[in-house]
Amino acid sequence: AQSVTQLGSHVSVSEGALVLLRCNYSSSVPPYLFWYVQYPNQGLQLLLKYTSAATLVKGINGFEAEFKKSETSFHLTKPSAHMSDAAEYFCAVRSGGSNYKLTFGKGTLLTVNP
Amino acid sequence: DAGVIQSPRHEVTEMGQEVTLRCKPISGHNSLFWYRQTMMRGLELLIYFNNNVPIDDSGMPEDRFSAKMPNASFSTLKIQPSEPRDSAVYFCASTPGGANTGELFFGEGSRLTVL
Chain A
435 AQSVTQLGSH
445 VSVSEGALVL
455 LRCNYSSSVP
465 PYLFWYVQYP
475 NQGLQLLLKY
485 TSAATLVKGI
495 NGFEAEFKKS
505 ETSFHLTKPS
515 AHMSDAAEYF
525 CAVRSGGSNY
535 KLTFGKGTLL
545 TVNP
Chain B
210 DAGVIQSPRH
220 EVTEMGQEVT
230 LRCKPISGHN
240 SLFWYRQTMM
250 RGLELLIYFN
260 NNVPIDDSGM
270 PEDRFSAKMP
280 NASFSTLKIQ
290 PSEPRDSAVY
300 FCASTPGGAN
310 TGELFFGEGS
320 RLTVL
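Chains A and B supply the protein sequences, listed in that same order. Just so you know, we're using my numbering here: the first sequence kicks off at 435 and counts up by one. Just so you know, we're using my numbering here: the second sequence kicks off at 210 and counts up by one.
Errors might be hidden in some of the hints.
Dumping the calculated BS3-like pairs for lysine-lysine here, alpha-carbon to alpha-carbon at most 30 Å [unchecked claim]:
| id | chain 1 | residue 1 | chain 2 | residue 2 |
| --- | --- | --- | --- | --- |
| 1 | B | 233 | A | 535 |
| 2 | B | 287 | A | 540 |
| 3 | B | 287 | A | 535 |
| 4 | A | 503 | A | 535 |
Far from chain A, some chain B residues (derived; all Cβ distances over 12 Å) [claimed, not checked]:
| id | residue |
| --- | --- |
| 5 | 265 |
| 6 | 270 |
| 7 | 295 |
These aren't lab readings, by the way, just hints derived from the structure by calculation. Since we're looking at a predicted model, the values are computed, not measured. We treat Cβ as the ideally placed atom computed from N, Cα and C, and that holds for glycine.
Full structure from sequences and hints, please.
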């Protein structure tokens with residue numbers, strides 16, 4: 435069975451500060467991993483994905499994430515937060531094969547203070 | 210290209226009424242998913258279809274919920290009778306299927322309030 439744990443339901447940073455959102459996964463086979471962002475009253479949009487190629491993955495809006503197999507982690511970072519980054523962020527895992535089911539974490543709400 | 214289209218965007222109904230949510234996936238996508246989002250439980254997968262066939266409905270809460278996909282371009286999620294605890298945002302998502310990474314494309318969601 436696959437699962438995702440996001441540490442911290444709410445993260446608050448100042449504008450210009452480093453953003454670090456944590457995600458740990460559990461999967462019985464090499465996983466595909468995703469980060470999605472949800473702005474208020476909208477659906478989820480893909481930020482980036484890991485698909486067993488490069489372990490450091492770059493996404494949209496300056497975000498990146500590093501896959502660390504030894505730590506079963508896929509933390510999301512951005513060097514400098516912008517006010518427009520305020521949103522909820524979801525980590526998700528898929529175990530591959532023909533099963534396209536994504537299992538999502540509980541989400542982390544990012545607040546950016548001026 | 211049009212994304213995943215859901216309707217209605219908002220629905221307010223009274224307990225006991227039937228609710229039907231609709232979804233049009235992205236053209237050419239073979240897999241379709243219904244998720245429910247609440248503050249308490251986060252995002253829960255209700256059911257998913259592959260090539261119009263239900264593959265996994267283990268997340269459907271109870272017999273009051275049913276989902277159909279009569280063709281590749283349309284799916285419905287029905288709740289009958291509705292209850293206040295069904296209040297949530299219901300998302301539809303699709304993915305191309307085949308040999309791909311399984312990235313999901315989400316609709317804007319249908320916000321359901323049951324009074």
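>> Please verify that the nearest CB of chain A lies beyond 12 Å from residue 265 of chain B's CB.
In response: Residue 265 of chain B not clear of chain A: closest Cβ-Cβ about 6 Å, inside 12 Å.
| field | Proposed proximity, residue 535 of chain A with residue 233 of chain B (alpha carbon, max 30 Å) | value | Given pair residue 233 of chain B, residue 535 of chain A holds - Cα atoms ~19 Å apart, limit 30 Å.
Pair hint outcome, residue 287 of chain B versus residue 535 of chain A [Cα-Cα no greater than 30 Å]: Cα-Cα ~21 Å, so holds.
Below or equal to 30 Å on CA atoms is what counts here, so check residue 503 of chain A against residue 535 of chain A. Given that 30 Å is the threshold and the Cα spacing comes to 21 Å, the pair holds.
task: Taking the shortest Cβ-to-Cβ distance between residue 295 of chain B and chain A, state whether it exceeds 12 Å.
output: holds, 19 Å
Residue 287 of chain B and residue 540 of chain A: Cα distance at most 30 Å? holds, 25 Å
Q. Does the claim that residue 270 of chain B lies off the interface hold, with its Cβ farther than 12 Å from every Cβ of chain A?
A. holds, 17 Å
In this structure, only the earlier hint numbered 5 is contradicted, and the remaining ones agree with it.
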